[in-house]
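Trainee: Sequence:
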Amino acid sequence: MSNIPKPAIPPSREKPSNDSATLYFDYKDVETLCKFITADGKILPRRLTGLSVENQKALVLAVKRARFLALLQKVTK
143 MSNIPKPAIP PSREKPSNDS ATLYFDYKDV ETLCKFITAD GKILPRRLTG
193 LSVENQKALV LAVKRARFLA LLQKVTK
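Each residue of the sequence shown is one higher than the one before, starting from 143 at the first, in this note's numbering.
Just so you know, these hints were derived from the structure itself, not from any lab. Treat the hints loosely; a few may be bogus.
What the hints assert, rightly or not - Simulated restraints, written as ranges between beta carbons of each label pair:
1. P147 / V195: 27 to 37 angstroms
2. A212 / A150: 15 to 25 angstroms
3. L211 / N145: 43 to 53 angstroms
4. R207 / I146: 35 to 45 angstroms
5. L213 / S144: 40 to 50 angstroms
6. G192 / V217: 18 to 28 angstroms
7. R189 / K219: 16 to 26 angstroms
8. Y166 / S144: 18 to 28 angstroms
9. T180 / A212: 27 to 37 angstroms
10. F210 / T164: 21 to 31 angstroms
11. E196 / V217: 43 to 53 angstroms
12. A150 / V217: 15 to 25 angstroms
13. S144 / K177: 24 to 34 angstroms
What the hints assert, rightly or not - As a list, the in silico BS3-like pairs of lysine-lysine whose alpha-carbon atoms are at most 30 angstroms apart:
14. K170 / K148
15. K206 / K219
16. K219 / K184
We treat Cβ as the ideally placed atom computed from N, Cα and C, and that holds for glycine.
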């Protein structure tokens, strides 16, 4: 058999409660938003955050507003 290394498993993240209610993400609450972005400033995908479609869209909107107001850093390459 070949010695191909297996891909690294990303560290597990705390998933928010799986309520049917939509979570409210405030663009001024930087501590909460930082839980859903990487060190580079990229927004984590749904498969890692465990959010619903509605909640992920609300998160993206809040992060983009916070970036526009310079509360969060821009994405660095």
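Trainee: Would you mind marking each hint as holding or not holding in the structure?
Mentor: Against the structure, the hints:
A beta carbon spacing of about 34 angstroms between P147 and V195 agrees with the range 27 to 37 angstroms that was offered as a hint. Taking 15 to 25 angstroms as the suggested C-beta distance range, the pair A212 and A150 does not conform, at roughly 33 angstroms. Remark: the range hint 43 to 53 angstroms for L211 to N145 is upheld by a beta-carbon distance near 50 angstroms. Against the hinted window of 35 to 45 angstroms, the Cβ-Cβ separation of R207 and I146 comes to about 43 angstroms, which satisfies the hint.
For L213 paired with S144, a C-beta distance near 48 angstroms keeps the hint of 40 to 50 angstroms intact. A hinted range of 18 to 28 angstroms holds for the C-beta pair G192 and V217, which are about 22 angstroms apart. A beta carbon spacing of about 23 angstroms between R189 and K219 agrees with the range 16 to 26 angstroms that was offered as a hint. One distance hint, 18 to 28 angstroms for the beta-carbon pair Y166 and S144, is violated here, with the actual separation near 49 angstroms.
The hinted window of 27 to 37 angstroms between T180 and A212 is violated, with their beta carbons roughly 18 angstroms apart. The supplied range of 21 to 31 angstroms is met by F210 and T164, whose beta-carbon atoms lie about 22 angstroms from each other. At roughly 24 angstroms, the beta-carbon separation of E196 and V217 lies outside the given 43 to 53 angstroms, and the hint is violated. Taking the beta carbon of each, A150 and V217 are about 22 angstroms apart, inside 15 to 25 angstroms as hinted.
Restraint check, S144 to K177: a C-beta distance of roughly 39 angstroms breaks the suggested window 24 to 34 angstroms. About 40 angstroms separates the Cα atoms of K170 and K148, which puts this hinted pair outside 30 angstroms; it is violated. For the proposed pair K206 and K219, the alpha carbon gap of about 17 angstroms is at most 30 angstroms, so the pair holds. Taking the CA atoms of K219 and K184, the gap is about 10 angstroms. The hint holds against a cut of 30 angstroms.
In summary, the structure is inconsistent with hints 2, 8, 9, 11, 13 and 14 from the numbered list given earlier, while agreeing with the others.
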